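Based on the sequences and whatever the hints tell you, model everything.
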Amino acid sequence: MNRVVITGMGIYSCIGKNLEEVRDSLFQGKSGIIFDAPRKDLGFRSALTGMVDTPVLKGKLDRRQRLCMAEEVDYAYVATVEALQNARLDEQYMSDHEIGILYGNDSSAKAVIEATDISRAKKDNTLIGSGSIFQSMNSTVTMNLSTIFKLKGINLTVSAACASSSHAIGLGYFLIKSGMQDCIICGGAQEINNFVMGSFDGIGAFSIREHSPAQSSRPFDKDRDGLVPSGGAATVIIESLESAQRRGAPILAEVIGYGFSSNGEHIIQPNVEGPTRSLSKAMKDANLQAGDIDYINAHATSTPLGDSCEAKAMDAVFGTHQTPISSTKSMTGHECWMAGASEIVYSLLMMHNDFIAPNINFETPDEDSAKLNIIAQTKQQKIDTFLSNSFGFGGTNSTLIVTKFKH
Amino acid sequence: MMTNEVIIEKINGFLVEEFEVDYDKISPQAILKDTLGLDSLDYVDLVVVIENTFGFKVKGEDFVGISTFQDFYDYIILKVNEKNQVVA
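For the protein sequence lines, the chains are A and B, in the order given.
For the first sequence, my numbering gives the first residue as 676, with consecutive numbering after it.
For the second sequence, my numbering gives the first residue as 303, with consecutive numbering after it.
It is worth saying that the hints were derived from the structure and are not from the lab.
Bear in mind the structure is a predicted one, so any value in this text is a computation, not a measurement.
Only true hints are included.
Here are the in silico distance ranges between beta carbons for each label pair: (1) A:R795 x B:T305: 32 to 40 Å; (2) B:D336 x A:I808: 22 to 30 Å; (3) B:T305 x A:K735: 33 to 41 Å; (4) B:D326 x A:I878: 51 to 59 Å; (5) B:N386 x A:I943: 51 to 59 Å; (6) A:L732 x B:D326: 19 to 27 Å; (7) B:K361 x A:G1069: 42 to 50 Å; (8) B:D336 x A:T729: 26 to 34 Å; (9) B:K335 x A:H1027: 46 to 54 Å; (10) A:K1081 x B:D336: 57 to 65 Å; (11) A:Q1055 x B:D326: 57 to 65 Å; (12) A:G877 x B:V366: 43 to 51 Å; (13) B:K335 x A:R720: 50 to 58 Å.
EDC-like mimics (lysine to aspartate or glutamate), calculated; alpha carbons at most 16 Å apart, straight line: (14) B:K361 x B:D344; (15) B:K361 x B:D347; (16) A:K797 x B:D347; (17) B:K359 x A:D799; (18) A:K733 x B:E320; (19) B:K361 x A:D799; (20) A:K735 x B:E322; (21) A:K733 x B:E322; (22) A:K733 x B:E319; (23) B:K385 x B:E353; (24) A:K798 x B:E353; (25) A:K1057 x A:D969; (26) A:K797 x B:E353; (27) A:K733 x B:D324.
Ideal placement from N, C-alpha and C gives every residue a C-beta, glycine not left out.
In structure tokens:
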């Protein structure tokens, strides 16, 4: 079995456009949540969202490439360029070797809705234009990045709601561990536009604390009132240790555990048993005991039931060890399809800079969160091994465990 | 009513803006396909931009006889004038 290491990472998120900016925001406990007034004109119950600037790609990519890219692909491209650069993977190497891509994405709503609007208005599908089909499919990220970077390995989109990109990394880990691939670009992307979140807003899932956006996402806090949507993209380069050492790549960390499960129950209501199994399977895969984990990046989205179930699951596995826990969604909002990958990047930044980012807005514990060691203020602390949870609609659960690389 | 000069200006405008053609490479006798580097997908976008700019729909087969920029200008001018006659 191959050891699987992380050799590069990149991020484009509402708390920073690159690794340095994001590291500083995490340390400062800075929120990326805003009130997006146009959403009110569209009848949104909540206009709260994480927001990023539109990347300027003219001059970097040609017209045909840009035309085929949906909004989330723009973000994924920026994050992936950063990851490839710090993994020291250049065009020639990627052309000469079988590099794969496994990316989490579970919507491309804006492209679909805009095409439908044109089709209905014009009654002529030619007028939708040539780029729409490539923007509209769930695999828009992988189909675009694989052609831009000339990738020749596995080329697959992973759609598993808000656990999509965590599973993408987990599946990549399996493929490298088993020797099927040497190097895979893994990550997750999430569109932010008004179209993608309308129906999510419609089921009353979002916080309506619109008077104070920075305080609206408050995982584990007793006074939480829902999640805040967000987006962007995050990329990690995972690679066999042999491949990384052969090409002299920087080794940022090692992936040592992946666990997954399905709740087998309700489409939206989480439970405790499913996440507990995912956590336990990851721990077994990593061959670790609860006391070996230095930090947990919780999935906790700031919904009453979801946070409560995860708190119970973490208490069941880690309760006696009082493992430090925070949900970076308190700052970023819920980055949905991107969250599994972004939270690996956030945790890696903490690991490399010896701090635990705060679970901001955690002011009043509830019955379940009171049992946990939730870090509400930035804490200087060495992290050797961390665990990251991601859960999604339909009861899909994923857990990853990452550790500092030791020879 | 647009003059031929205005029509040509509009065409050159969208070729530079939408198709990112270097303005200096546009000349009446240059070959449209080569200068723009058109592939089959680009013709779809040409249909879209013509519809948005001049308000008429180009059929795919109409492109068959168009080789140079001048052919393209002539075709658009003809269609715009036909449209104006119908409206009048």
